[in-house]
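Please construct the entire structure, taking both the sequences and the accompanying hints into account.
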Amino acid sequence: ITASEFHELSANFPIPVVQVDRYIQGLDSDTVLVNNMEAARTAVSKLISRGHRRVGLISGPKTVLTAKERQVGYLQALSEHDIPYDDALIILGINDFATGYRGFESLMALQEPPTAVFCTNYNLTMGLITAARERGMKIPEDLDIFGFDCVNVCTMMKPSLPVVWQPEVQIGKTAARYMLERMDGYQGETRTTRLKCK
Numbered sequence: 003i004t005a006s007e008f009h010e011l012s013a014n015f016p017i018p019v020v021q022v023d024r025y026i027q028g029l030d031s032d033t034v035l036v037n038n039m040e041a042a043r044t045a046v047s048k049l050i051s052r053g054h055r056r057v058g059l060i061s062g063p064k065t066v067l068t069a070k071e072r073q074v075g076y077l078q079a080l081s082e083h084d085i086p087y088d089d090a091l092i093i094l095g096i097n098d099f100a101t102g103y104r105g106f107e108s109l110m111a112l113q114e115p116p117t118a119v120f121c122t123n124y125n126l127t128m129g130l131i132t133a134a135r136e137r138g139m140k141i142p143e144d145l146d147i148f149g150f151d152c153v154n155v156c157t158m159m160k161p162s163l164p165v166v167w168q169p170e171v172q173i174g175k176t177a178a179r180y181m182l183e184r185m186d187g188y189q190g191e192t193r194t195t196r197l198k199c200k
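Heads up, the sequence shown is in this note's numbering, so the first residue is 3 and it goes up one at a time.
Don't read these hints as lab results, they were simulated from the structure. Even glycine gets a Cβ: it sits at the ideal position worked out from N, Cα and C. Keep in mind that a hint or two might mislead.
Calculated pairs, DSS-like style, for lysine-lysine (alpha carbon to alpha carbon, straight line, at most 25 angstroms) [as the list claims (entries may be wrong)]:
1) Lys160 x Lys140
2) Lys200 x Lys48
3) Lys140 x Lys48
4) Lys160 x Lys48
5) Lys64 x Lys160
6) Lys198 x Lys64
Estimated spans, in silico, between C-beta atoms of each pair [stated by the list, open to error]:
7) Ser81 x Glu7: 17 to 23 angstroms
8) Pro115 x Ser6: 39 to 45 angstroms
9) Arg56 x Phe8: 37 to 43 angstroms
10) Asp89 x Met139: 53 to 59 angstroms
11) Pro115 x Val74: 19 to 25 angstroms
12) Asp144 x Ile92: 19 to 25 angstroms
13) Gly53 x Gly187: 25 to 31 angstroms
14) Ala111 x Glu183: 48 to 54 angstroms
15) Glu183 x Arg24: 17 to 23 angstroms
16) Ala178 x Gln113: 48 to 54 angstroms
17) Gly28 x Arg52: 21 to 27 angstroms
See below:
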């Protein structure tokens, strides 16, 4: 949804809004996000520190703020470690299982496939892992993977898969506090909070 579409829908219903995890450009409201760029840069840097020079990326579309910011973090990590950018290693699509699954197939079909992959979303990570397992690949021996937000599943894997963890409870509490304050009549400037991932 765009800011103009939102304003059209809400023109006759002035209600407080708090944006969570996503940001609609041009919509002036309280917003609660995580530091996506920093989280992605740290995750990819950890893969690079394990000796990987060809690190793939499977991500959502650039039109989604969270995906775009995580893509920037990926590129920052490559730059900081003097690894040249390779467009063939980047797969963008809908944030769903199929994109992760097909992304794996596309990356492995390369003449020089990646030795590690960073996924920017839970569903993408699950699709990638499923495709790799169906192919009989061992993780991380055959392909090192760093996921995003699939802590419960990835900690059950042996060995457990490293993931970026978002502080979901803190995100929810912050968003709820902002909403309740607005409902109680708070008219101050809009606030944007970025929380740190682990």
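Item to complete: Could you tell me which of the numbered hints above are not met by this structure, giving the numbers in increasing order?
Response: 5, 7, 10, 13 and 17
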